[in-house]
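Trainee: Below are the chains, spelled out letter by letter.
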Amino acid sequence: MKKFIYRILAFLLPIIFLAYLSDFIISKKIRASGAGDFSVWEDIYNGRINSDIVIYGSSRALNHINPVILEDEFHTTAYNLGMAGQHIWLQNLRHIEFLKYNKKPKVVIYSLDDLLFSDPIGIYQPDQFSPYMFWPKHKEIEEQLSVYKFPHFSYFDYKIPLLRYVDSFYSNKALELGRIKFLSFIQNISQQKFENSDSLNEEISRIVNRENIIKPEKRIKGYLPRDLNWNSDFDNALFSKGHLEVSINKKGIHLFEKILTELIQKNIYVLFVYTPEYIEGQKFIKNRAEVMEIYTNISKKYNIPFINYSNDTMSYQKKYFFNSLHLNANGAEKFSKKFALDIKPILYRIIDKF
Amino acid sequence: MFFNSFEYAIFLPIIFIIYWFILNKNLKLQNLFLLISSYFFYSCWDWKFLFLLAFSTILDYISGLKIYNSNTQIKKKIWLIISVSINLGFLGFFKYYNFFIESFADLIQKLGFTAHYSTLNIILPVGISFYTFHGLSYVFDIYNKKIKPSNNWIEYALFVSFFPLLVAGPIERATHLLPQIEKPRKFNYELAVSGLKQILWGLFKKIVIADNCAKAVNLIFNSYESQSGGTLFLGAILFSFQIYGDFSGYSDIALGSGKLLGIKLIKNFNYPYFSRSIAEFWRRWHISLSSWFKDYLYIPLGGSKGGTIKRIRNTFIIFLVSGFWHGANWTFILWGGLNALFILPSIIFKTNRNNMDIVAKGKILPNFKEFFQIVYTFLLASFAWIFFRSESLSQAFSYINKMFNSIHLPDLSIFNLSLFPLLLLLIIVEWKGRENNYAIEKLFYKSKTCIRWSFYYILIILMLVFGQKNSQEFIYFQF
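Just so you know, the sequences run in chain order U and B. Everything in the first sequence is counted per the numbering used here, starting at 5 for the first residue and increasing by one. Everything in the second sequence is counted per the numbering used here, starting at 2 for the first residue and increasing by one.
One or more hints might be untrue.
[Stated by the list, open to error] With a straight-line Cα cutoff of 30 Å, these simulated DSSO-like cross-link-like pairs (lysine-lysine) come out:
no.	chain 1	residue 1	chain 2	residue 2
1	B	K268	U	K6
2	U	K7	B	K216
3	U	K7	B	K449
4	U	K225	U	K177
5	B	K216	U	K163
6	U	K254	B	K447
7	B	K470	U	K143
8	B	K470	U	K32
9	U	K153	B	K49
10	U	K7	B	K470
11	U	K6	B	K216
12	B	K49	U	K6
13	B	K364	U	K7
14	U	K7	B	K433
15	U	K7	B	K268
16	U	K6	B	K470
17	B	K147	B	K49
18	U	K33	B	K147
19	U	K225	U	K290
20	U	K141	B	K265
21	U	K153	B	K470
22	B	K470	U	K163
23	U	K7	B	K146
24	U	K7	B	K184
25	B	K443	U	K7
26	U	K6	B	K147
27	B	K147	U	K7
These aren't lab readings, by the way, just hints derived from the structure by calculation.
Take these sequences, add in the hints, and give me the full structure.
Mentor: Have a look at this one:
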């Protein structure tokens, strides 16, 4: 029996050691890739966001407000903490981690949207959290993700190295890259030796040349311009659903107010903005008025200025959007400049350098 | 609690430690502990059906005693009938009620009448097909005077509910398992190591082979109308690998778990895809079920005695019942019937007892004839699996029709091309180990430890790289 136990330990110990080592290296490499949200999380966790103006929100913050334009206008520093596909639940995570590791800003511009208080069902792009679950353990991630009905990560993902990378975005991409390299190698060999196997070569070329590796997004102080034309997402949604009724989770509203209270208590000036939304998309949301009423009431309750661009001329021009909710790069640039000018009278008292 | 889950990876070592380190000197406590653990294991699936498991266990325990102690044949028969009726009654109700209602209603409607019926929202208790057959084999063996009934209800209950085989077999026999439960077990180093290796190989087959094949198979079967014949053909082949990896992988983990506790369970798979005929295939696939039907249905019906017609009749009955056992769907019945049809020539020409040896024993490769036989048998089995996998008969027939009428090369873009080298690895390792109880039992046996362990490490790395986050459920859990 002792021999059995010793043999098991001798077998497992190298695996356990290698697992931790591999996890450390993989996590470090992924974080250092600077791709997409990692550049922002790295800035957060390394305390590099020492900005006077910070933008909170979802992808409607991420894609709509260029912080460099704000910096130019107010001669100060700005950063965009917008999160694609995330509602109040994970915006809260970003808020907590940002304040924990960075100098508090003077102003938070909260970009609002129809889906802010949606029920916490599934997480968009959960793999962005993987490199931060172990080295070091950011316990807030586990706590905030647990709110979701489908938190994606299990208890064991936080305790066992490498497990969270199994069948993840990273492992699939690594396999894809490996496969492409192998197929390229085969293609080179087959072109040399098998000149008549055109169909096979065509198939290999198709796979090799397929645009299947996501190119790292280039963020500008967190901001992500989307240089895209209008797509058919909205038209398809309209055709299939007719309208959408967004969920309004009461706990989400309380959480939102909790964030606001914390910001106010820290003497951080808060400003609400509802960035342009394509008019047909506004009509698509059945209970939009209810959501806007919540924002209006909260802004009054906490005495927070609320700038609403729902009826702005931009909202009526499809050329500035790539779908009903999101401005394209051109629209975002135009909006950012307009927005900067509009908030100047409000912010001039707050920002010293103006 | 799946066998390939971390919960099981924690559960099994805890059981192992308590079993061997704390309770090893007391057989009664060891058995009681295993019984409680088994019930706990089952309750992780659905604690509400523990009552059914317990009831079935008590019923067969009492029936066994009554059959043995009855002084007349009539009384013995009555108790046997009681046990069989109630067990099969529960099985029939939970598994087949809706099927019978719907099939009867379909028949009435085809005859031109209107059928008003309602089906029930019945949840199938996990493992009912397996533990019911455990209990039935016990009462049959007592009735046929093969064994004496157990006087220890804990030992009997453990025989029925031993956790490695509780939810998906193998279907054990009282003659094989009960004596092991009744006798003290001593820790055997070689057996325990073998158990761990078998678990490792089972996990590889499940996680790497079965789950990855399942991805492609599900995609193909769910969109078969828009796929080419070549793709559908590959889909059928991949399902053959999926079901083998899934079920034999599960069995390997079950057998390995048993070995860790000093208990040897029945071998359930014996490299079926290296069979040279369908008859041989059915001697090597789901051995515990086919031998159960042979002993308790085929032989009582007359078996091979009474002429060819009778043999054919009995064979068809076995395969149709076996198909029906798998599920409440005409596709399973047709699958069983198809296999009976495939085996028919060997019954007529009395060649079904050929190929009793291991193919190409002692040789590196099969000869041309054997290779052809293996491929042909594999293709036949894969063809029949189409019915097994399909949701309905119409889907199965459409699938087959499309496969043969739309002759185009497979669309490789929908396949994970990494799968094919993995399948090749499986075939090579299984071929190399075909003379052993499981493929890696004696692989690198004579090599140094570092070489053996390197291979095991490679298997573990492959599981990490190719593992699925949301693992496919073991196919045979639905039975």
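Trainee: Please work out if U/K33 and B/K147 have their alpha carbons no farther apart than 30 Å.
Mentor: 65 Å, violated
Trainee: Below or equal to 30 Å on CA atoms is what counts here, so check U/K153 against B/K49.
Mentor: Holds. U/K153 to B/K49 sits at ~24 Å (cutoff 30 Å).
Trainee: Does B/K184 lie within 30 Å of U/K7 when you go C-alpha to C-alpha?
Mentor: Status holds; Cα separation ~24 Å.
Trainee: Check whether the Cα positions of B/K49 and U/K6 lie no farther apart than 30 Å.
Mentor: 40 Å, violated
Trainee: Could you grab the alpha-carbon distance between U/K7 and B/K433 and see if it respects the 30 Å cut-off?
Mentor: 29 Å, holds
Trainee: For the pair supplied as a hint, B/K268 and U/K6, is the alpha-carbon distance within the 30 Å limit?
Mentor: 28 Å, holds
Trainee: Check the hint pairing U/K153 with B/K470 against an upper bound of 30 Å on the C-alpha distance.
Mentor: 17 Å, holds
Trainee: Are the Cα atoms of B/K147 and B/K49 separated by 30 Å or less?
Mentor: 34 Å, violated
Trainee: Given the proposed pairing of U/K6 with B/K470, does the C-alpha separation stay at or below 30 Å?
Mentor: 35 Å, violated
Trainee: For a C-alpha distance cap of 30 Å, please report whether B/K364 and U/K7 respect it.
Mentor: 36 Å, violated
Trainee: For the pair supplied as a hint, U/K225 and U/K290, confirm whether the alpha-carbon distance does not exceed 30 Å.
Mentor: The given pair, whose Cα atoms are some 35 Å apart, is violated under the 30 Å limit.
Trainee: Measure nothing beyond the straight line between the CA atoms of U/K7 and B/K146; if it is 30 Å or shorter, mark the hint as holding.
Mentor: 43 Å, violated
Of the numbered hints listed earlier, those contradicted by the structure are 2, 6, 10, 11, 12, 13, 16, 17, 18, 19, 20, 23, 26, 27.
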